[in-house]
Structure formats: C-alpha cells, structure tokens
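From first to last, the protein sequence lines stand for chains A and B.
Mapping of the first sequence onto the numbering used here: position 251 corresponds to residue 251, and the numbering continues sequentially without gaps.
Mapping of the second sequence onto the numbering used here: position 240 corresponds to residue 240, and the numbering continues sequentially without gaps.
One thing to keep in mind: the hints can contain errors.
Claimed, not checked - If the Cβ cut is set under 8 Å, some of the chain B residues that face chain A in the computed set are:
1) 134
2) 135
3) 136
4) 140
5) 141
6) 148
7) 165
8) 167
9) 168
10) 237
11) 243
12) 280
13) 286
14) 294
15) 298
16) 300
These are computed hints drawn from the structure, not numbers from a lab.
Every residue gets a Cβ at the ideal spot worked out from N, C-alpha and C, and that includes glycine.
Given next are the chains, with one letter for each unit.
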Amino acid sequence: MSDDTGQIDIHGATCVVETRGAGRDILYLSSGMWFADESAFIGKLAELGRVTAPVAPGFCPGAVDARMNNVDDIAYLWLDLIDELKLKDVLLVGASFGGWVAAEMAVKSCKSIAGVALIDPVGIKVGDRYARDIADLYGLPEREILRRAYVDPSVFASDVKSISDAELARRARARESIARYGWSPFLHDPKLAGRLRRVTAPTLVLWGAKDGVASPDYGRAYAARVKGSTFAEIAGAGHFPQVEKPAETLAALASFSGAHRAAAY
Amino acid sequence: MRIYHFSEEPYPDAWGKERPSLRITLPNSVVDPEKARGLYHRYIDEWMLADELGFDIMLNEHHSTATCLTSSANVVLSILARVTKRARLLVLGVPVGNRTDPVRVAEEMSIIDCISGGRLEFGMIKGVPYDIEPANSNAVSLMPRFWEAHDLILKAMTTHDGPFSFEGDYFHYRNVNIWPRPYQQPRPPVWVSTSTPSNAVEIGQRGHVMASFMGGVAETVKLHKAYAQGYRAGGHGAQVPVDRFAYLAMCAVAATEEEGRRRCDVIADYLRTNAQVAEPFNKPPGYFSAEVAVRQARAPNPRAFRTLMTPKGRPVELSTANLDDFIECGIAFAGTPDQVFNQICEFLDGVGGLGNLLLMGQGGSLNAADTTDSMRLFARDVMPRLKERQAKTRLFEAA
C-alpha cells in the first residue's frame, strides 16, 4: 500500500482522499478551517497506522451538489466511505469542524469504529441562548481569529504574499464550505448534544488548554455527554493542538489507539 | 422616460470618519429616536414633493446602518402608497433571498399595489454583502434561494383559483393563497438589479426590468448587451425596449455650477462611506466565489470598495474619489440645469438609451432646503427636455 492522493466518487459525490502510511485504519477528518494547515499532522498520524484523510465536497475543488448543505450529509458520506474502502476497526479522529462530523458519524453507527478521538470539536450547544459557545468566525477580523485560535499565531502563515494561489484557493473554499455546512445554527446541531449518548465506541476528547474558539469548559461539557469518555487538555495549544503541539497530540492518540483496537461491536 | 427620485434616508449625524464601521457593529444608542422621527417625516415630504413635481419614486433598504434608516422599504412604501397621488413607486428592492417568508413579501407587495391603485414597481434584489449578516442568511445558497423565492412570489401573485402547495429546496408551504391579489394584472412590473453579466443574462431571459448602479458607461453597456442576449434567448424579441433598463446615479442641480457641484459632493458621501464596514462583513462566505476571493486577497488594497475606469482608462476608487472623478465616470450629474442635461444626454447616448433614470437626489447630509431646491430646478429645467429628447428612443441599440 502506498501513499496517495486522488479523487473518489461516493454515490455521485466527488471527494478527494489522501492516504498515508500502513497499519490499522485511521480516518482523519481535518478541521476544515481556513486558518489552519494540518497537512504536516497527517504525515505524523501515519506513524500510528494507515491514515485515510478525505476532503468533503466544497472543501475540495470542483462543483458541489446543492443538496450537500448539512453536516449529516458529510457524516453519511464518510460512513459510506468506510464501507466503500472496507475500513475495519477504525480509529476515527476528527478536529474542530471535522470533530463535529466525527461525532455525527459516531451517533449514527459505530459498527466499524473502534475508537473516537475528538480534538477541540464543535457541533453542540451547551450555553444559554445568549451565550456564544463558539467564536463568531465570520464576524471577527482575521487577526482576532488567529489570536483566539493559537497560543502563537505566527505558526499560521497569514501574509498573502508568501502564500501560493492554490493555498489561497483552498482557504477560500474552506471559508465558504464551513458556512455551507455550518452557517445556521452556527457550527452546531441542536440535537447532537442529546444524541451523543448513542456513541458506543470508546471516546477521547482532547482540548487545547488555551482554545479561544471553543473553551475547555465547552470541551468538558462535550465529553460529559459521551458515556465513559476521557477528557484531556493539551498544554500550550489553542484550537489546533495537532498543529501547535503535534508530538503531544500524537502521544495522546497513540496511547488511546493502543488501548482500543477492535470495534465496539 | 421615467425619472425616479431616490434617497436612502440617511442618518448623517452618525457618519463620523473616525468610526471604524457605519454598519453591523455601530450601536443604535447613536440614534436619537426624535431625530429619526424628524428625518422620516422630512424624507417622506421630499418624496411627496417628487410626486408633485413629476418624478417617480424609488426606495431601497439596508440594515443595521447609519447610512440608511429604511430598514424596511415596505413600511415606508406603504405610507407613500397612501400619501402620493401619481408617481410610480419603485422598491429596489426587497432582498427576497434574505427573507425567510416569501409569501409574506407577496402579500405586502399586493397590499401596497392595491393601496396605491396599481403604482407599484416591484424590485427584487440579491442584497449587498453587508446585509447578509443582519439577515443571518447563508450567502452560499443565496442565488438559488433568490430565484426560488422569486418564482414562488410571482406564482402567489398570479394564482387566483385557491391555494397551491409549494415544496422547494428552500421554502415550504401547504396552502398559498394570498389576499389581496395585486391591483395590476397579471402582476406589477418586476425589476432586478445586478452588476454582473451572468445575472444580466438571467434577468434578460425573464424579461424583467434590469437596474444597474453607478457602473459608468462601459460597465453599463456590458450589462445591457448581456441582458439583450438573455432577452433574445428567452423569446421576448430580437430587440430590447429601453424601458427594460434602469441606471442609478447621483444628481444635484443649482442655479450656479459651484452650488450644484457642492450639493452633489455632499450626496457623494454616500459612496465615500460605503467602504466603512467592519471586517469581515464586506466578504460574507459564499457571497463571492473562491476564485474572486483569491483575487480580492491579492488586490493591492483589499479594503477598496469599488474601482471604476474612466472613459480614458484611468482607474478611480469610489471610496476616495472626488466629484470630477464621479462626473467623468458617469456616476454623478452635477452643476447647472444645462450642464446636468448635457451630462445625462452624453451618458444616455453612450449606453445606447435607457428608459429609467434613478437619481439619488438626496444623500449624505444634504439638507431639505438644498434637496428640494435641486429637485424643483431639475423638474423645471431638465426633466421636460430630457423626456422630450428621449421620447423617440424606444429600442436599445448598442454602440
């Protein structure tokens, strides 16, 4: 098996899938955020197994079927992808928006999922109706988003002169696509918090201790809704521990992966 | 030719240049409701004067902003429907892609058409980027939602045999049966505004009136040609009647050139403040394609509002331009009645004729005395000549 990035058609939806490494099946759902670059982490994660990292319609280049407009649509797509690629005893890892998708998958079916690791996921509502659980990413200037997302904002290249057209286009598609799937209700599904009880696979919730997009308290509330889950903070990281503290994040995932190798049932 | 008087009903006391944003984030504690009362009365009086002077009337709406107190054009329009006598009443428009309930739009428009005795000109607009946030509408699906709302509203206005059901991609109703139906049969004239040729083709296919705003001769001709292509494809005829086209510009007249120019320069603060929007509300996700977003990110001044080319090919950034730039670009007509007449004629000839001139005769802090004096002079010394000159131009002919 070799490393590869290519297009795949799943029941009419064209997606891009990157595959890296060898070993147990790991499905990595990246944050999708336009202010993060997780490409390096996918390589690191391949130290733990064979990583499949799909990119959903809208986030990857090409036309998008207008019916793709809800996080459920992506969750079902990746459940189909697991079947299509015959992935088994999957370690499902999702970060931020990708963590939301992972949670939506896990409440639907853990048939092929041996463990769920969520890194600073969004997707639930915990505060009252006047509380902004998740920072208003479309209402803040970029420098403020970066300040909230990173302990050290300089890890993210934000000077447009130093960025390729391809990367600028990726960011533009990501900014549009997060809105396509998560504009309103903003980055959450009002029903998900109640449905997290259905997650039957062992679950790890990792959180950047300095996350200013969604706070560690939000993370604890998330973990509290998944029976038997473990919550852990990653020191020195904001919303993207996999970018700011990749070694520590990988170590936490490695230990979790070692403990949970077979699907729940 | 129809000539419309337009004001955004600004609240200029809040227009300080030091404010980082006049939209979305400017708290409404800045509004003195008593001052707002006075301004609403004054602007309505000016539209009533427009009605007496032979102008038609145009309104629009914006939200969460000091630049435009008309946060619901329909509310003000319904007052005008009762207190004016003869003017056509153009709302340009209702942002139907941002409305959650298109059937309600059909009802309100029909009431206004009935109260006014069939004087409604019904504009549907996409809406500007910074009106996305106040509506909390998802810009990613804005255009398909717009056209679905458009279809539903027109179906509601033209269905007279009891309820129909509608199960679309964005809107769902089990029983649509609006009361009243519109006064004008089968429905009021529909207008759509645009600044892109691709939308112009779609508007042309439907045969609606197409309005464009302050694009100058070159941009306007491009839109008219695209419209004509759609118009022919839609089977409406080989040539486009000029009454299918409308153009918005700023306009002020006075007895002296100096005073006419001064007045228009005050109105032009409307343009200069347009870019005064808190980041990132001028770029809601999905409003511009990813390709355009990349170009915007690479632009030398990402905060620029809109850059036009003069006929001689000189770029002019509208948020920092001066009155001469505006006049050269064909987006302002200012001076004595003769000068304004000549400027407008030059523009009309440049674009191959159009049947609806939308004039922002009040903008910024231009006061009531100056506004009404300008309107009276225009009505007396420009309007009759313009209407007579344009009477023979019935079909669009691209240069």
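Now for the hints, and whether the structure bears them out:
no.: 1; hint: 134; result: 11 Å, violated
no.: 2; hint: 135; result: 10 Å, violated
no.: 3; hint: 136; result: 6 Å, holds
no.: 4; hint: 140; result: 4 Å, holds
no.: 5; hint: 141; result: 7 Å, holds
no.: 6; hint: 148; result: 11 Å, violated
no.: 7; hint: 165; result: 21 Å, violated
no.: 8; hint: 167; result: 14 Å, violated
no.: 9; hint: 168; result: 12 Å, violated
no.: 10; hint: 237; result: 32 Å, violated
no.: 11; hint: 243; result: 34 Å, violated
no.: 12; hint: 280; result: 7 Å, holds
no.: 13; hint: 286; result: 5 Å, holds
no.: 14; hint: 294; result: 5 Å, holds
no.: 15; hint: 298; result: 6 Å, holds
no.: 16; hint: 300; result: 11 Å, violated
Against the hints set out earlier in the document, violations occur for numbers 1, 2, 6, 7, 8, 9, 10, 11 and 16.
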